[in-house]
Amino acid sequence: MTDANPGLRGKRPRRSPKDILYSESFRTVVYQIALAAAVALLGFYLYQNVVENLARQNIATGFGFLGQVSQFEIGETLIAYSARDTYGRALAVGLMNTLSVSAAGIVVATVIGFSVGIARVSSNWLLQRLATAYVEIVRNIPVILQVIFWAAVIRNLPAPRQAVELWGMGFLSNRGLTFAMLSAHAAHLWMLAALVAGIALAILASHKAKRHREATGRYIDMLWPCVGLIVGLPLLVWLGFGAPHEISFPERRGFNFAGGATISPEFVALMTGISLYSSGFIAEIVRAGIQATPRGQVEAARSIALRPRFILRYVVLPQALRVIVPPLTSQYVSLIKNSSIAVVIGYPDLVNIGNTVMNQTGQAVEAIAVMMLVYLIVSLVTSLLMNFYNRLVAIKER
Numbered sequence: 001m002t003d004a005n006p007g008l009r010g011k012r013p014r015r016s017p018k019d020i021l022y023s024e025s026f027r028t029v030v031y032q033i034a035l036a037a038a039v040a041l042l043g044f045y046l047y048q049n050v051v052e053n054l055a056r057q058n059i060a061t062g063f064g065f066l067g068q069v070s071q072f073e074i075g076e077t078l079i080a081y082s083a084r085d086t087y088g089r090a091l092a093v094g095l096m097n098t099l100s101v102s103a104a105g106i107v108v109a110t111v112i113g114f115s116v117g118i119a120r121v122s123s124n125w126l127l128q129r130l131a132t133a134y135v136e137i138v139r140n141i142p143v144i145l146q147v148i149f150w151a152a153v154i155r156n157l158p159a160p161r162q163a164v165e166l167w168g169m170g171f172l173s174n175r176g177l178t179f180a181m182l183s184a185h186a187a188h189l190w191m192l193a194a195l196v197a198g199i200a201l202a203i204l205a206s207h208k209a210k211r212h213r214e215a216t217g218r219y220i221d222m223l224w225p226c227v228g229l230i231v232g233l234p235l236l237v238w239l240g241f242g243a244p245h246e247i248s249f250p251e252r253r254g255f256n257f258a259g260g261a262t263i264s265p266e267f268v269a270l271m272t273g274i275s276l277y278s279s280g281f282i283a284e285i286v287r288a289g290i291q292a293t294p295r296g297q298v299e300a301a302r303s304i305a306l307r308p309r310f311i312l313r314y315v316v317l318p319q320a321l322r323v324i325v326p327p328l329t330s331q332y333v334s335l336i337k338n339s340s341i342a343v344v345i346g347y348p349d350l351v352n353i354g355n356t357v358m359n360q361t362g363q364a365v366e367a368i369a370v371m372m373l374v375y376l377i378v379s380l381v382t383s384l385l386m387n388f389y390n391r392l393v394a395i396k397e398r
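Here the sequence shown is numbered in UniProt numbering, starting from 1 and rising by one per residue.
Check the hints yourself; a few may be wrong.
[What the hints assert, rightly or not] Under the rule of at most 25 Å between Cα atoms (straight-line distance), these lysine to any residue pairs were calculated in the SDA-like manner: (1) K337 with S379; (2) K210 with Y389; (3) K210 with K337.
Rather than coming from a laboratory, the hints here were simulated on the basis of the structure. Fair warning: this is a prediction, and the values are worked out from it, not measured in the lab.
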């Protein structure tokens with residue numbers, strides 16, 4: 001049978017302007033443009049309203065205040081600071097304090113959370129019940145109450161003269177935790193750099209070993225090589241600098257301590273509160289990840305007489321991590337944001353110092369904008385690092 005209109009073969013029919021106007025794709029684009037324009041107009045209106053109100057009250061605008069002298073002291077700093085420094089440096093001190101307490105909280109919460117999560121699926125009846133009770137208690141008490149509770153506990157500890165001695169290595173008192181510390185030496189910075197390099201090399205070596213195992217089926221035990229990299233590189237640097245080992249031990253002197261290093265009560269209370277609170281959620285994430293591992297995998301490992309700790313390490317956890325890591329990222333970000341409640345116990349974090357800056361300058365909008373931007377950047381960087389780690393531990397389908 002021949003085609004009656006061979007010239008029309010393969011040609012699309014022309015769409016009229018009316019068809020384009022009523023097409024779904026065209027309406028979708030129009031709606032998106034209209035919504036974006038409405039949001040932009042609303043933002044411009046709010047901006048103009050804020051600027052006019054601030055001008056009416058003779059309040060300065062802009063971020064020039066960051067270069068002005070702060071004229072207030074900060075009790076706990078990780079970088080050099082005095083009242084003659086700028087507001088910008090004061091906020092940097094708050095940022096460093098926020099990062100330090102958040103990093104410590106993440107480490108403590110992870111260790112406790114993984115330990116309790118593994119205990120939640122233990123065959124030991126008592127251990128399982130204790131882990132369950134721990135999770136239910138710390139998850140269901142608001143984090144701010146936990147922080148206030150630990151602050152009250154620490155402030156009611158004995159004074160320095162009656163401080164609890166910690167095996168000759170430090171003291172626990174209402175002034176915080178005082179402990180022995182290595183005397184400052186140039187080798188320490190290089191040891192820290194070597195530690196970071198060792199951790200990076202250990203991660204890279206483990207990743208290479210995993211790729212080799214997936215490609216060939218041959219297992220390479222990387223535990224001790226990784227330990228050697230993480231411990232060995234700083235040790236070599238320490239030996240290269242002549243093995244400096246001067247230790248400053250704290251001792252009672254008057255109404256305080258001399259020597260060593262001291263962690264403030266506010267830092268300990270905040271870190272303890274937010275880490276314990278987050279550890280309850282991390283424990284449940286770990287439990288769910290372990291229980292998501294196919295039971296047949298565990299039974300197969302038992303059938304070849306593999307020890308329970310090896311089953312957990314080589315069979316269960318590698319498969320559970322792909323379930324654990326994504327929600328674990330959310331818990332880390334939440335912990336960082338929860339550190340902002342430091343203001344209730346007087347710890348000089350970013351929010352606490354930001355409030356002082358607002359009160360002195362009157363530029364609340366700019367100060368809050370700076371704090372919001374900082375928390376946004378820190379949260380995004382944390383998510384980026386955890387997503388990178390998630391790609392490393394993800395099981396590749398072949």
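Outcome of the hint check:
no. : hint           : result
1   : K337 with S379 : holds, 8 Å
2   : K210 with Y389 : holds, 14 Å
3   : K210 with K337 : violated, 34 Å
In this structure, only the earlier hint numbered 3 is contradicted, and the remaining ones agree with it.
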